[in-house]
Structures are given as structure tokens and as C-alpha cells.
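Mind docking chain B on chain A? Use the hints.
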Amino acid sequence: MYTDLVMDHFSNPRNVGEIEDADGVGQIGNPVCGDVMRISIDVEDDRIADVKFKTFGCGAAVATSSMVTEMVKGKTLAEAAEISNKAVAEALGGLPPNKMHCSNLAADALHLAIQDYLTRAGREAEVPLILAALPKGHEHSSP
Amino acid sequence: MKSVYFDHAATTPVDPRVLAQMLPYFCERYGNPSEIHRLGREARTAVEVARAQVAAGLGAGEKEIVFTAGGTEADNLALIGYLQRFEPGHFIISAIEHPAVMEPARALNRLGWAVDFIPVDGDGVIDVGAYEQAFRDDTRLASVMYANNVVGTIQPIAELARIAHEKGAAFHTDAVQAVGSVPIDVGALGVDMLSLSGHKIYGPKGIGALYVKRGTRLTPMLHGGGHERRLRSGTENVPGIVGLGAALELAQAEMSTVGPRLEALRDHLARGVLESVPDVRYLGHPTARLPGNVSFTVRYIEGESMLLQLDTHGFMVSSGSACASGSLEPSHVILALGLGAEEAHGSLRLSLGRENTEAEADAFIQVFPPIVEKLRQMSPLYVKG
Numbered sequence: 001m002y003t004d005l006v007m008d009h010f011s012n013p014r015n016v017g018e019i020e021d022a023d024g025v026g027q028i029g030n031p032v033c034g035d036v037m038r039i040s041i042d043v044e045d046d047r048i049a050d051v052k053f054k055t056f057g058c059g060a061a062v063a064t065s066s067m068v069t070e071m072v073k074g075k076t077l078a079e080a081a082e083i084s085n086k087a088v089a090e091a092l093g094g095l096p097p098n099k100m101h102c103s104n105l106a107a108d109a110l111h112l113a114i115q116d117y118l119t120r121a122g123r124e125a126e127v128p129l130i131l132a133a134l135p136k137g138h139e140h141s142s143p
Numbered sequence: 144m145k146s147v148y149f150d151h152a153a154t155t156p157v158d159p160r161v162l163a164q165m166l167p168y169f170c171e172r173y174g175n176p177s178e179i180h181r182l183g184r185e186a187r188t189a190v191e192v193a194r195a196q197v198a199a200g201l202g203a204g205e206k207e208i209v210f211t212a213g214g215t216e217a218d219n220l221a222l223i224g225y226l227q228r229f230e231p232g233h234f235i236i237s238a239i240e241h242p243a244v245m246e247p248a249r250a251l252n253r254l255g256w257a258v259d260f261i262p263v264d265g266d267g268v269i270d271v272g273a274y275e276q277a278f279r280d281d282t283r284l285a286s287v288m289y290a291n292n293v294v295g296t297i298q299p300i301a302e303l304a305r306i307a308h309e310k311g312a313a314f315h316t317d318a319v320q321a322v323g324s325v326p327i328d329v330g331a332l333g334v335d336m337l338s339l340s341g342h343k344i345y346g347p348k349g350i351g352a353l354y355v356k357r358g359t360r361l362t363p364m365l366h367g368g369g370h371e372r373r374l375r376s377g378t379e380n381v382p383g384i385v386g387l388g389a390a391l392e393l394a395q396a397e398m399s400t401v402g403p404r405l406e407a408l409r410d411h412l413a414r415g416v417l418e419s420v421p422d423v424r425y426l427g428h429p430t431a432r433l434p435g436n437v438s439f440t441v442r443y444i445e446g447e448s449m450l451l452q453l454d455t456h457g458f459m460v461s462s463g464s465a466c467a468s469g470s471l472e473p474s475h476v477i478l479a480l481g482l483g484a485e486e487a488h489g490s491l492r493l494s495l496g497r498e499n500t501e502a503e504a505d506a507f508i509q510v511f512p513p514i515v516e517k518l519r520q521m522s523p524l525y526v527k528g
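Top to bottom, those sequences are chains A and B. Just so we're aligned: 53 in the numbering used here is position 53 of the first sequence, and the numbers increase by one with no gaps anywhere. Just so we're aligned: 386 in the numbering used here is position 243 of the second sequence, and the numbers increase by one with no gaps anywhere.
So here's chain B without its partners, still in its complex pose:
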């Protein structure tokens, strides 16, 4: 059985061209970048080349890039590292943030910070009016994700950053899902901090970065030898950093060809599913969404059972149902769109990547309707209309 991977929002394979650039830094050029001998200098050069690649990919300065162990650490550093410099006050996040923002926000809340969770509309776009009104005199930071990992909706980041600055607060965006998929220029966006991750863009796992605009002061979370301009101590993950730089450079170079192709594939897949299966609701914004995200709910059946049936047919996808997430609650993102829990349990996400083909999309459209029909025949909630 041929397998088809439609779960690129979870993680991507490492591109062989990226791996090739990383490999020398394991066994040959293994030096510690902090050492001044030849091996150390080689490693330092590699780290700084990668930093320049990442900076170029974001339109940032090289000194504005801090390497971290991934997107989660970047988000934690942004929220906790920024807010720790103040007496507890108030900050703002959206209701659909990834747990990597949601949980540090809750941790800060337990430390005495007040936090507002700004709702989104049915398409997953933040309520800009409610956002603007949420700012208080002691609001220090707003953090809104660039693109949502579940439904793919892209937020009006430049507008949100501008409002935050007008209100005297800093602005952070978790751009883990967006970087490498859509063009990003931190200058045009006006953000103060932006998080990204290597393994979402055909780079390795265990590496990410935080863009920190010059003049934005953070308190480090990891204390030690003072690496990364004192913001993130710990010997640099040189192969990972090299991989992140190479992956972002590749993604930037191929974006103009890959992006439109993925959008066409996405819309083809969405249309195919909506036309062949009744009682399906497409989730997320129709156009302001990630090029590779197809997200929908199927009435009367549950997401994990769809996911497992698709798996037995070779298709790897993701679901926001409670069972699939391992909790008892369906995805907070889908509930935030205004869907009931029953419908949220039937959610499915297909996230496409650059190696996916139209033949794979067509194969999915063939396989999926009978799976839905089989599960609906099994469902006590289903009454054939």
C-alpha cells in the first residue's frame, strides 16, 4: 500500500538538500562555536551563516535572531522573557493560540498577570474591535498567531501590531505555521517578536528561532554561558541551526512556485470532499488561509475513527477530536469558531506539502466518501436524509 502524507502542519520530512548541509557538522566539523581554534571557528561561521539565512528569510537583521530549541521555546521566551521585566499587569492573546502560547499565558496568569483571550469569528479571524478594546493602561504585550495550525486562517498581523503599538504595548506573533509558506517581512509587519520552527519547513526537529526586534529587551529563561547574546545559554545546536538556515532559504527560494501549486491542490481537495460527501462543513477562512491547509468537519461521525480508517488506507491526516488530541475536550480552536462539541469531534485536517501530488489528492477523494459512509452507517446519530 502506498502511503500519502497529508500532515505537514504536524511535521515535515527533512529535505535531503537540508540534510546534506547538516551532515558535516556531526562528525567532521563538530567544534564548539565558543572555542577559538579552527574547529570552533568553523562551527561559529556555520552558525552565523545560518543566522544570516534566517534573518534574510524574515527581512530582519542578523543580530535580531535568537536560536532556540524549537517553536515552543521561542514562544515561551517571547511571552515570559518579555513580561518578566515588568511588574505583573495585563497582556492579550487570541482564543485560538497554540498550546505553546496558551500555556505560558496561563503560567503567567498564575503568577499574577491578567490575560484576555480575544475571540475569533466563524472563519477564525480575530475580532479586531474586541482586540482593540481589550487594551488597558497596564497592557504590556499582545500575542496573536500568524496562521492557525488547525484551520489555517491567517490573521491581519500588521494591523494588530499597529494597534498594540498605538496602545503602548509590544507585539509578538507565533509564525510557526506561516514561515516558509507565505512571505514574511518583519519590517512590513511591524512585529516586535516572531517565533518559528525548523521541522515545519523541511528542517530538523529540535531547532527554532525567535526574532527579537532591536531594542526589545528580554529576560533569558536559560541561564549559563551567555550564548545567543545572553538570551539563550547552552552550546549551540550547530547541525540544527545549519538545517534551519538551509531549510528557510530553500523555502524562500521555492515559495513562488510551491505556494500557488499547493493552493490549487488545496482547493481541488476541498472541492472534491465537499462535492462528494454530504453534511461537511469547511473550516477556516476561504481565502486568507495557509496554502496547504484543508480543514473540515464531518457530521455524525468522530474524527479519530476517520483518521484511523484513512490510516488503514495509507492516508496520514490529523483530527481535532477529543480522542485524537488525547484529552476529553475537542480542539479549542474549532470550539472558538462557534461550532458545537458534537460537530467539533468530527473534525479532520489535511495539511499538504511540496511533495504531494494531484494524483494523491484524487486518490483521497476516491477513498474518503466510502469511509464516511461506513462510519455513518455505524453511527446512532446518523439518520439518512
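Bound conformation, chain A alone:
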């Protein structure tokens, strides 16, 4: 059911943890649904200098979180904002259909972290410019 790449990211997840005093933090999901992802980023010169994740969830949730951290490191905020959940799943060689919804939210968590960074930096005005694709599924937002 899972590709070898998914199993690799699940068994040896990259960038696990939490950045202390991170520049931006994004969390999405709900423990009731069985998936919670938290991504923290450090930003230098509008590039993602460091990124870490913590995830409660199934194999797909862990693998997508791990994959998005690899995809985004060193990217500009604008580049990072363009990475979609679908792109993360594709980078993993695909996910089972029933995992595409709840367990594939890592890019959304990243986008929330970028939004958090921009807001903290007093750059709210740039949020809609950079993040055209902020997650709309509010049922997944954590309280």
C-alpha cells in the first residue's frame, strides 16, 4: 500500500523535532481525526534556513511531514508557498487514495508556519501575496 519512499521517510524521518524560538510555527489537524502536524521554521533573507516537524499520525502523515521539510529547506518563502499537498504526495511516489485527505496536510502546516512568520514580522500585507493557497479546510484547524 505504501511506496518504498514513503516507508523510507516513515522509518527514517528527516528533520524531526522543534526549532527553539522558531521564527514561525504552523500546526494543522486534529487528534480526533488521528492526524496532527506541527512545522517550525527559521527564516533568513526570506529563505527557509531551517525546518523541523512533529507529527501525530499514521505512516503517510509522518512521511509527508518528513518529505515537505526536505523539499522546502533553502527555498524562498514564495517558492515554499507554492508547494502543495499534492506535490508532496507526488514526491513520495504517491499515497493510497484513502490517505490523500486527512494524512496529507504537511504543506498546509508549512504554509501556516510561513503565515505565522510574516505576521510576527509585521508583514501581514504579504500573506495573501505569498500564500494564495492557505488551507481552507477549517475543520482540520486545531483549537
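Hints were generated in silico from the structure; no laboratory data involved. Incorrect hints may have been included.
[Said to hold, decoys possible] Straight-line distance between alpha carbons at most 16 Å, and here's what the computed EDC-like set of lysine to aspartate or glutamate pairs gives:
1. Lys73/A to Asp45/A
2. Lys527/B to Asp45/A
3. Lys517/B to Glu18/A
4. Lys52/A to Glu70/A
5. Lys517/B to Asp422/B
6. Lys73/A to Glu124/A
Chain B in isolation, oriented as in the chain A frame:
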């Protein structure tokens, strides 16, 4: 890497002694039991010997055993076949039934039948008071599983059957998980129908049976040549039937030695997990449970991720988490015990079988705590206490 199979509630390997009895019925004694020539008679004899074995294993009469294609068909035949003889009224099932009972119950509900789902307590034991009060004048049937597939809890079946009869209703039990593991006597239980399956007791897949007490009338679901006393048409699955009979006979013969050994292994494994991992809750009844069932939830982490990590270490187990079940909801059984969805997502089931050893249990107790720790370190919900 050595693999350890702790998923016997899902299915069991076919015992080689069972397979040996089945094999001649594929290529040599392939006759149709309905034919009167020699090959047909040989097959008929084999089917009837197996029927006697199954009947003996349940304390039933030979004419009370109907072979089906498995536990699901037996459950469907019991509910739908029994209730179809009446105008739509009311029936009762427990809240923790297997989908093989839950779904025919919902199908009957769509056809106009009212159904009550009786809750269970925190150990998974049915609320007998609520059960008794649920009966109505038009209640035709109550169906409560003998032992639960997720948490292993065994229900007070004899008492439930007696109450159903006092209220004028028939009683069915899905005993798929119990048959072959615990002694069963349909006479002492007082049930009208009981379902069992071959592949849970070291027999083949694709074969099961329904015990139908003499005088209990059913409408068949499969119509055709009138096999199985008209209750289940279709040429008999002779090798499967032979396998089911042989498997149940073996299970009965070995129960008194295997049962206590599995109980000791079960309690050893449960104790080992509870002592080595904090924030674990044991699920199901502490004593009234299947000999091979160890079921628990692990806080802050999710079941499928535990299952996959254990798989990479060679341990095959099962989880009631939403992800592992393929739906978006965690197991309805674990929710029915009163646990929240978050905790239910962290459920794990180890179901032991007769080939498991204490060394395997010890290996699990070694491997499991670091897996939990690794996943907890990854979990945003985990705050180390």
C-alpha cells in the same frame, strides 16, 4: 529477520494436519456430493463426517449444522434469514458487533426493521439491564457476539439467551472468535443460532458454519439446488468443509493444553507492555477474555505508525486506528468502551496463537518500548511528564 505473527484474530495459518486431510478432495476425491456414483458418495461421506465433527465440537446435532462460505455468510443468514420470515418489527444487537452483524443489521433497518444497539461498559461487557429493557412486544431476535474480535471480552451468552427467550425472541451469537479457543456447548448456552469460521481456527478460508437449533426456521439467502437442507444452495466446498471439521476437532482436542498456555503468554505480554511503557491502557475485561487477546492503547501516538514500525521489526499485529482500518473513524468497539477518539487512534491488538512462544513475547517486550519512545518524540501531543 525472524517474523513473529501476533494477528491470529485476523486469520490463522492452516494447520498442516488439517491440510493433509483436505488435499485428497481436490484432485482425487473430487466428486460432487449430490451424485450417487462412487466419487459422489465418497464426497458425501466426507461432508457428513465433517458435519459430525463440527456438531460434536459445539455439542449440537448433525442436522443442526449448515455449512456456509464463512463467518460473514453465517451471520447474514442468521439475521436476514431468520427475520425475513416476519413482518418488519424490532431486533437487538450489541454496540460492539463485527461488521458481519452490524451491516446486515443496518440493511434490515433500511428494510423497515427497528434495531437497538446495546451499549457495553468500560471492559466491553454488555449492559445486561439495558439489554433486558430494550425488548419490545415485536422483538424477534437478539444477536450478541460471544467474544469480541478487538478487545477479546467474552459476553454472558447463556444469560442473554435466557432473557431473549423469556421475552419471546430468538437468540443468535457470532462466535467466530470464540469457537476453538474456549469450550462451547450450544445446549448449555441455550442459543438458537451460532456462527463460526474456518480460518480463525487453523482451518482454510472460505468456509464457515451456522448452528441452527432444531425447530428454528430460516429463509435461505442463496436459492438453487437445495443443498444444506435447502438453507444454502450451491455445491458443497468439500475440501473446505473437510478442513473445517478437522480444524475444529483438533482445536477441541488441544484446547485444554493450548488454552492455559496462551492465557499465561497473554498475561505475560500484557504485564510486560504495561510495566515497560508509561501511559498505556489495557483494553477489555481483565479475566473474561479470549486466551490469546492482548489489547491496549498507547497515548500520544497513532496505531498505524506503531503497526508499521513493529512490521519493520518483524512483528505482525493489528490496530483499531482509523488509518489502519481504512476509514476515517477509529474502531467503533474502542469508542464504545468510552475512550475518546484520540486515545482510540492509539490502539494495538496482539492476538496470540498456538505456535507463539514465550521467547517471541519477550522479544516483543524488548522491541516495543523504544518504538513507542521514537514515535512519542515525533508527536506534537507528547509532553514528557
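Name the hints, by number, that the structure is in violation of. When the structure is compared with the hints, numbers 2, 6 turn out to be violated.
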